[in-house]
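Residue numbers (the numbering used here), protein chains in the order written: chain X, 1 to 251; chain V, 1 to 305; chain E, 1 to 327.
Please keep in mind that the hints were generated in silico from the structure rather than gathered at the bench. No residue lacks a Cβ here, since even glycine has one placed at the ideal position from N, Cα and C. Treat the hints with care, since some could be wrong.
Listed below are the simulated EDC-like cross-link pairs for lysine to aspartate or glutamate, each with C-alpha atoms no more than 20 Å apart in a straight line [unchecked claim]:
| # | chain 1 | residue 1 | chain 2 | residue 2 |
| --- | --- | --- | --- | --- |
| 1 | E | K80 | E | D143 |
| 2 | X | K109 | E | E205 |
| 3 | X | K109 | X | D74 |
| 4 | X | K197 | X | D208 |
| 5 | X | K197 | X | D20 |
| 6 | X | K109 | E | E209 |
| 7 | V | K108 | X | D20 |
| 8 | X | K166 | X | E126 |
| 9 | V | K181 | V | E258 |
| 10 | V | K181 | V | E211 |
| 11 | X | K182 | X | D206 |
| 12 | X | K182 | X | D208 |
| 13 | E | K134 | V | E211 |
| 14 | X | K166 | E | D143 |
| 15 | X | K197 | X | D91 |
Derived Cβ-Cβ restraints for the label pairs, each shown as a range [stated by the list, open to error]:
| # | chain 1 | residue 1 | chain 2 | residue 2 | range |
| --- | --- | --- | --- | --- | --- |
| 16 | E | Y285 | V | K183 | 37 to 45 Å |
| 17 | X | G176 | V | R189 | 26 to 34 Å |
| 18 | V | L201 | E | V291 | 46 to 54 Å |
| 19 | V | G134 | E | V177 | 42 to 50 Å |
| 20 | X | Q85 | V | Q193 | 17 to 25 Å |
| 21 | V | Q193 | X | D74 | 58 to 66 Å |
| 22 | V | T182 | X | T16 | 30 to 38 Å |
| 23 | E | W216 | V | D240 | 43 to 51 Å |
| 24 | X | D74 | V | A174 | 24 to 32 Å |
| 25 | V | D240 | E | A286 | 43 to 51 Å |
| 26 | X | Q85 | V | P279 | 25 to 33 Å |
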Amino acid sequence: MVLLETKSLTKYFGDTHAVDRVHFSVAHGELLALIGSNGAGKTSLVNLISGLLRPDSGTILFQGADVTTMPVHDRIRAGIARSFQLVTVFDQLDTLDNVALAIFCREGKTRRLLSLASSDHAVRNEAFEILREFGLEAKASQPAGGLSQGERKLLDIALAYALRPKLLFLDEPTSGVSTREKAPIMNIVTSIVRSGKISAVIVEHDMDVVFRYSDRIVVMHEGAILADGTPDEIRRNEQVTTTLLGTSPSQ
Amino acid sequence: MLDSPGVLGHVAPVDVLLVHLLNALLYASVLFLIAGGLSLIYGVMRIVNLAHGNLYAVGAYSTAWAVGRMLGGGQPSLMLYLLLPVGAVTAAALGAILEPTLLRPLYKRAEEYQLLITFGLLLILEDLLRFIWGPYPLSASSLFEALGSLSIGESVYPAYNLVVIVVGGIAAVALWALIYKTKFGVILRATSQNMRMASALGVNVNRVYMEAFTLGCFMAGLAGAIIVPQQGAVLGMGVDALILAFVVVVIGGLGSLEGALLGALMVGIVREFGIAFFPEVELAVLYFMAAVVLLIRPAGLFGHA
Amino acid sequence: MNPIPALPKRALLSAIPIAVILFFLPLLIAPYQVTLLAYGLIFAIAALGFNLLLGYTGLLSFGHSAYFGMGAYAVAFIVKYFNITSMEVFLLGGILASGAIAALFGFLCVRYTRIYFGILTLALSQVLWSLAFKFYWVTGGTDGLRVPTPSLLGVANPEREEKMIFLAHRYYYYVLVIFLVAASAMWVIVHSPFGKALQAIRDNETRAEFVGVQVWRYRWIAFLVSGIYAGLAGTLWVPLNGLTTPDILHWTFSGKIVFFTVLGGFQTFMGPIIGGVVYNYLETYAVGHTVYWQMVLGVVLVLLVLVLPAGIAGTAGRLLLRLRRAT
């Protein structure tokens, strides 16, 4: 059984099909890259699956269950999490508190008004461990607003990861980040996928990143899926290369 | 005018109905100007001036004062009606001063600060009006009475009210023409839709902001100026107007002039017939309307989310 | 908004000397001054509640007079209709009444943010004010309703001539204890997982939602707590004032709450407390000097926003930090 499956998923914005009857699936434990030109519908697809948008028609099945109309926090409970293209973290909270909050939410502890967040050692330790996995442990007690752009990207991903999802959507995880910061981000993402046995879908424009790290590539164009296959298959796909890539990508 | 409170089966004679309708239009005219100004400013600048109602009050007070000065006890001549724009111009001038000094420094900061500073402005203007003109109402009723009344069927209706309705109608048309038929209007719309793009295309955004703000204040001041002969200028009229303008804008959508027009008409009609039939619940009916619209269409009937 | 450096936990132990001072003050100053301080502490409670919404959740309400007023009128109604003058009953009634209204108004308001939220809160509190005005046979209209000195913990109120002493002594300590409990509770709340969730909502609503925070629901809870604090303040205020009138439901009173919270500094925990206390002294001493008190408030608010957005506490905190760095 696949982890996630969409059937005929459709979303219009006015007259345009942002997402046009898309059949999309993600298997267990795979790193999938979602690529396509601007306006192809990649982010809209992610928004539909993560719950930011409601589809006009079609269904989304996650582990067999229909989540099409599920509210966001229920989807997160079910195991879908995401990061955002425009980095969003909680600037005025400490870096550790950012991650700790995600864990509190996961554990259902955010209803607690009358106990101190800092006295929950289990949560704080786990948050610190996650920061360590992401290389951010030195910044634990700094407000997140003071981190560098690359660190904020990592924190954004860490927030999603702290929810212990089964499916992680990362919207352009390496955009706006210097070239030497890209590799560490992708290494962390790959190690999360391998060791945690979770699946990740990354929306990406950097073809180097895409072809180096992904298990499978899905190409979107004008709201529909153009191609779906391994990096080799996609590289050899003439339709894809002419439509999107221009010349063959660098090795 | 009405004999018994509204009960199903009560048939009002046509002229009474017409009088109510005219009252509703009167109210709607004034509300459209105020709410339209508020909406225009928000549409272009994305700010809400909490002191907007006070600019309406400034318009009312300054017009009443000007009329009172020129009158000096004599009979109003036609010339005095030309003083009506005094209120609008005063409010506009005030707006032109306020925008660059109080609002512009805050565009880059969090929205709470804009609300806080315009709230501070509201407090200042409330007391400034009292400081300048005292705690007692100011009247320009001679202008109102001088026009006499018309007979509508068996009812009698003040002619001045028709002037207000006409002015409101002209303002709506003039505004529409300004926004959709002039170059200034194109620039306004461009800036409101995409400020950065407009700026990149060479539009002086600061100047457009100031012009939009001044125009919005002009409208509020005009509303105060034309209504003051009918109801006088009292302390507290500013905040009452703000809340009503908000109800209009909730119904019509913040940023939409068509919405302000429609909302003003709806509020005018509901209020007028509400008062006629159920005087006590007037305010509640309006808030109920606003609440219903907010629940169904949070952005208003014409608003952009 | 620049993050104000958080006070280290040790600084919180400085709260103990302050509490001690507050306890011993009545022995050192005149009874009238003590009652002034009591008013200040009451405003501080209202400000703490208000700031849960503003500073920690990012919602600016212009209608908090509604909950303060509900607390006050609940007390007045308990006296008028049930002839009870027990402070504990007052507290229970005030909290329930203000909580109920806050729950209702909050439900209507928290679906919106920023401007719509602000004006909606203003409009709703004006509805309450106009009701208090219109139904004058119930609320006493502009004359208001009188409230006698209540019994505290079952001990009855003293004779008339001892009233000032009573207020400056037993009632002051009653208020002080409640203030300390309320302030401590609020401190825990803002440092709790719930408090962190609120701050996340403030910092980035969408991200908070996608971390699993149910934004609307948490805003509503914050609104409820905030309203109860304002109602608690109103409840404590009436016996001190002896009288409640529709004025405290009017938007101008909401404006005062906004003002003194911003004055003290809405980005820190202590700010609202300082603002509430300082404002009370300002108002008491300045109102006598000018009728145009509202204009003074407006001018100061404008200046605060333009020049000192961090308020008293925030600015003091920054200065302290600079001093520490320099030495």
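Comparing the hints with the structure gives:
With a C-alpha separation of about 14 Å, the suggested pair K80(E) and D143(E) falls inside the 20 Å cut-off, and the hint holds. Note on K109(X) and E205(E): the hinted pairing holds, with a Cα-Cα distance of about 19 Å set against a maximum of 20 Å. For the hint pairing K109(X) with D74(X), the CA-to-CA distance comes to about 15 Å; that is within 20 Å, so the pair holds. Annotation: proposed proximity of K197(X) to D208(X) is violated, straight-line Cα distance about 24 Å (limit 20 Å).
Restraint check for K197(X) and D20(X): the C-alpha separation of about 30 Å exceeds 20 Å, so the hint is violated. Taking the CA atoms of K109(X) and E209(E), the gap is near 15 Å; set against the 20 Å cutoff, the hint holds. Restraint check for K108(V) and D20(X): not satisfied, since their Cα atoms lie roughly 39 Å apart, outside the 20 Å limit. Distance hint between K166(X) and E126(X) is fulfilled; the C-alpha atoms sit about 18 Å from each other, no more than 20 Å.
Restraint check: the Cα-Cα separation between K181(V) and E258(V) comes to about 15 Å, which is no more than 20 Å; the hinted pair holds. Between K181(V) and E211(V) the CA atoms are separated by roughly 17 Å; this keeps the pair inside 20 Å, and the hint holds. Among the hinted pairs, K182(X) with D206(X) is consistent with the structure: their alpha-carbon atoms are about 10 Å apart, no more than 20 Å. The straight-line distance between the Cα atoms of K182(X) and D208(X) is roughly 10 Å, inside the 20 Å bound, and the hint therefore holds.
The suggested pairing of K134(E) with E211(V) is violated, with an alpha-carbon distance near 42 Å, which exceeds 20 Å. Straight-line distance between C-alpha atoms of K166(X) and D143(E) comes to about 65 Å, which puts the hinted pair past the 20 Å bound. At roughly 30 Å between alpha-carbon atoms, K197(X) and D91(X) are farther apart than 20 Å, so this suggested pair is violated. Judged by the Cβ atoms, the range 37 to 45 Å given for Y285(E) and K183(V) is violated: they are separated by roughly 56 Å.
Checked against the given bound of 26 to 34 Å, the beta carbons of G176(X) and R189(V), roughly 32 Å apart, stay inside it. Between L201(V) and V291(E) the beta carbons are some 51 Å apart, a value that agrees with the proposed interval 46 to 54 Å. The hinted window of 42 to 50 Å between G134(V) and V177(E) holds, with their beta carbons roughly 46 Å apart. A hinted range of 17 to 25 Å for the beta carbons of Q85(X) and Q193(V) is consistent with their spacing of about 23 Å.
Between Q193(V) and D74(X) the C-beta distance comes to about 36 Å, which lies outside the given range of 58 to 66 Å. As the Cβ distance of T182(V) to T16(X) is approximately 32 Å, the hint placing it in 30 to 38 Å holds. Under the hint 43 to 51 Å, the C-beta atoms of W216(E) and D240(V), about 31 Å apart, miss the expected range. Checking the proposed 24 to 32 Å range against D74(X) and A174(V) shows it is violated: the Cβ atoms sit about 52 Å from each other.
At about 27 Å, the CB distance of D240(V) to A286(E) disagrees with the hint of 43 to 51 Å. The hint said 25 to 33 Å for the Cβ distance between Q85(X) and P279(V), and at roughly 56 Å that hint is violated.
Of the hints listed earlier, those the structure fails to meet are numbers 4, 5, 7, 13, 14, 15, 16, 21, 23, 24, 25 and 26, in rising order.
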